[in-house]
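Enquirer: Here's the letter readout for the chains.
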Amino acid sequence: MRAVEIPVAYMPLVDAAPLIIAQEMGFAQAEGIALDLIAAPSWSSVRDMLAFGRVDAAHMLSPVPIAMAMGLGGISTPVSSVSVLSVNGNVIGVGNALEAKLRDIGFGFDFFDPSAAATALAQISDGPITFGVPFPFSMHVELLRYWAEATSLGQHGINIRTVPPPLMADALAAGEVDAFCVGEPWGSVAVESGAGALLLPGNSIWAFAPEKVLAVRTDWAETEPYLLGRMMRAVFKAGRWLSNPDVRATASDLLARKSYLDVSAELVDRALSGHMILSQRGDHRQVDQFLVFHEGAATFPWRSQAMWMAHRLKRAHAGAALTEAQIDLVVRPDLQRQHFARPGFDLPGASSKVEGAILVPTPVASASGELTLHPDRFFDGQVFDPSIDLSPK
Amino acid sequence: MKDALKIVVVEQDRDRAIAIVDALKDSIPCDVIVIGHPSALARQIAAHSPDIVLIDINNPTRDMLEELTLASGPLERPVAMFVSGNSDGLAEAATEAGVSAYVVDGLAPARVKSVIDTAIARFALFRQMREELAETRRALEERKVIDRAKGLLMKAKGIDEDAAYALLRKTAMDQGRRVADVSEALVTAAGLLG
Numbered sequence: 001m002r003a004v005e006i007p008v009a010y011m012p013l014v015d016a017a018p019l020i021i022a023q024e025m026g027f028a029q030a031e032g033i034a035l036d037l038i039a040a041p042s043w044s045s046v047r048d049m050l051a052f053g054r055v056d057a058a059h060m061l062s063p064v065p066i067a068m069a070m071g072l073g074g075i076s077t078p079v080s081s082v083s084v085l086s087v088n089g090n091v092i093g094v095g096n097a098l099e100a101k102l103r104d105i106g107f108g109f110d111f112f113d114p115s116a117a118a119t120a121l122a123q124i125s126d127g128p129i130t131f132g133v134p135f136p137f138s139m140h141v142e143l144l145r146y147w148a149e150a151t152s153l154g155q156h157g158i159n160i161r162t163v164p165p166p167l168m169a170d171a172l173a174a175g176e177v178d179a180f181c182v183g184e185p186w187g188s189v190a191v192e193s194g195a196g197a198l199l200l201p202g203n204s205i206w207a208f209a210p211e212k213v214l215a216v217r218t219d220w221a222e223t224e225p226y227l228l229g230r231m232m233r234a235v236f237k238a239g240r241w242l243s244n245p246d247v248r249a250t251a252s253d254l255l256a257r258k259s260y261l262d263v264s265a266e267l268v269d270r271a272l273s274g275h276m277i278l279s280q281r282g283d284h285r286q287v288d289q290f291l292v293f294h295e296g297a298a299t300f301p302w303r304s305q306a307m308w309m310a311h312r313l314k315r316a317h318a319g320a321a322l323t324e325a326q327i328d329l330v331v332r333p334d335l336q337r338q339h340f341a342r343p344g345f346d347l348p349g350a351s352s353k354v355e356g357a358i359l360v361p362t363p364v365a366s367a368s369g370e371l372t373l374h375p376d377r378f379f380d381g382q383v384f385d386p387s388i389d390l391s392p393k
Numbered sequence: 001m002k003d004a005l006k007i008v009v010v011e012q013d014r015d016r017a018i019a020i021v022d023a024l025k026d027s028i029p030c031d032v033i034v035i036g037h038p039s040a041l042a043r044q045i046a047a048h049s050p051d052i053v054l055i056d057i058n059n060p061t062r063d064m065l066e067e068l069t070l071a072s073g074p075l076e077r078p079v080a081m082f083v084s085g086n087s088d089g090l091a092e093a094a095t096e097a098g099v100s101a102y103v104v105d106g107l108a109p110a111r112v113k114s115v116i117d118t119a120i121a122r123f124a125l126f127r128q129m130r131e132e133l134a135e136t137r138r139a140l141e142e143r144k145v146i147d148r149a150k151g152l153l154m155k156a157k158g159i160d161e162d163a164a165y166a167l168l169r170k171t172a173m174d175q176g177r178r179v180a181d182v183s184e185a186l187v188t189a190a191g192l193l194g
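In order, the protein sequence lines correspond to chains A and B. Take the first sequence: its letters are residues 1 to 393, numbered as in my numbering. Take the second sequence: its letters are residues 1 to 194, numbered as in my numbering.
Check the hints yourself; a few may be wrong.
Keeping only pairs whose Cα atoms sit at most 30 Å apart, straight-line, the calculated DSS-like set for lysine-lysine is [as the list claims (entries may be wrong)]:
#: 1; chain 1: B; residue 1: Lys144; chain 2: A; residue 2: Lys258
#: 2; chain 1: B; residue 1: Lys170; chain 2: B; residue 2: Lys157
#: 3; chain 1: A; residue 1: Lys258; chain 2: B; residue 2: Lys170
#: 4; chain 1: B; residue 1: Lys155; chain 2: A; residue 2: Lys258
For the record, the hints were derived by calculation from the structure and aren't laboratory data.
Looking at chain A on its own, in the form it has when it is part of the complex (with noise of 0.2 Å):
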């Protein structure tokens, strides 16, 4: 039998590794689907062919379809996330100027505590400092201005600009930017190429933020409902595989591949083993969870991350707004209980959870009685409660 090809649209980032994996280690054709994966030049690219169906699915910053929903961007589409790909993987990194300034004042890079690092942030600067980003609608945004609304940092506010990766070193030695939050492996490039240092991992903000989400067409998911199973299942499988410590070496050079990230495959083992380099002088921090495939039912699209993400996005962007009908479209739970209803995946009862009041693993009831979740604090200690309304405040 021949597979149905699904085309799916993605950035070249570790973090598109399930759709990798799932295509590359066979666990697609076991579906009796092939994916094939376009590299897009950019997140508005990946964005448009989606919308426009050029692909049927795609590897997408997690904010980006409650954004559309919102009629934030250009595009309005309607777009479902149906699973998460990746939680956590981010990273906060400084330029030269401020790597310099840091160490003059003894500042340590213990690449773990972010209240003290934006103290010293604050310290050395005497205006906002401007961060750059991939995509204004992303986890990096929200964690950089989470991080500066709860500290020190947010005395002279922070200044955020779209700069893609790849140009973030030129943005550095222009002064366009002082500072940077990337996913990897930019982060690690950054290092490598003598732009910067790593200042915080993502997850020492949030300990559990959803990254990147598999999205599909809303309608297309109505209409392909067992081309949609397929994938997600295959996609599924793939972040189970990734999740063994075993594989690492395999999956590393399989996405160093020239045909999809096209870097070393050490600088891939960096995020995958959650061991980052932080600077030229070659400190370096063994960071748990710091990209997450599968563990703590990391793949599952919890309705309270969507309700926090429209929460921030609400707060940023004067009138915007969405319903609790529109986030019941956009991210979709009951796709997952629909599509995983069978042995080997394990679901949580529950679809809505209180995020950050997850201090350590907790084991909490699913199906086979076996799920634990990952602490998913936030760094502040504050919690956020979905049943909050969605109204503007």
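Using the hints, position chain B against chain A.
Expert: Chain B only, in chain A's frame:
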């Protein structure tokens, strides 16, 4: 008489930029500004306050334009991606040709159409040229790999060039793969073993 449309073209390649400007000026009354350097792109564009922005769909700096869709001041005019619904199939045609257009809020569709039509024709030509170039490069690249694979076989098995090529072809046929792919696998394996 209507004012001339103000069009910003984001294009780093000078020759391409000139070709686009000429094509636009030939077909409609317009002022065209070319931005070649992506530094602080959104602010550069906003400073010109154009009616239409044209950019290659494959240009990674496109994401910087996304900020323009969010008007931050009361006097700023937000732009929107030129999308389907504005005019029949034009957005799809533009996507196909490889150009994306950002159009300021409230501009009459008829005025947009001639600009987009011109841009589509020009970018379709670029795309064709680029594809031909890529195809030529790929063919050259494959030629090189096949030659290296042949060389490896000749050395390892003591056979001549024709026999080496025949062996590559037969292997490719038996495995249902392309000669170039078999050659690449051989070169990679030889690199690992060597």
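Enquirer: Hint by hint, say whether it matches the structure.
Expert: Evaluation of the provided hints:
no.	hint	result
1	Lys144/B <-> Lys258/A	holds (17 Å)
2	Lys170/B <-> Lys157/B	holds (16 Å)
3	Lys258/A <-> Lys170/B	holds (27 Å)
4	Lys155/B <-> Lys258/A	holds (28 Å)
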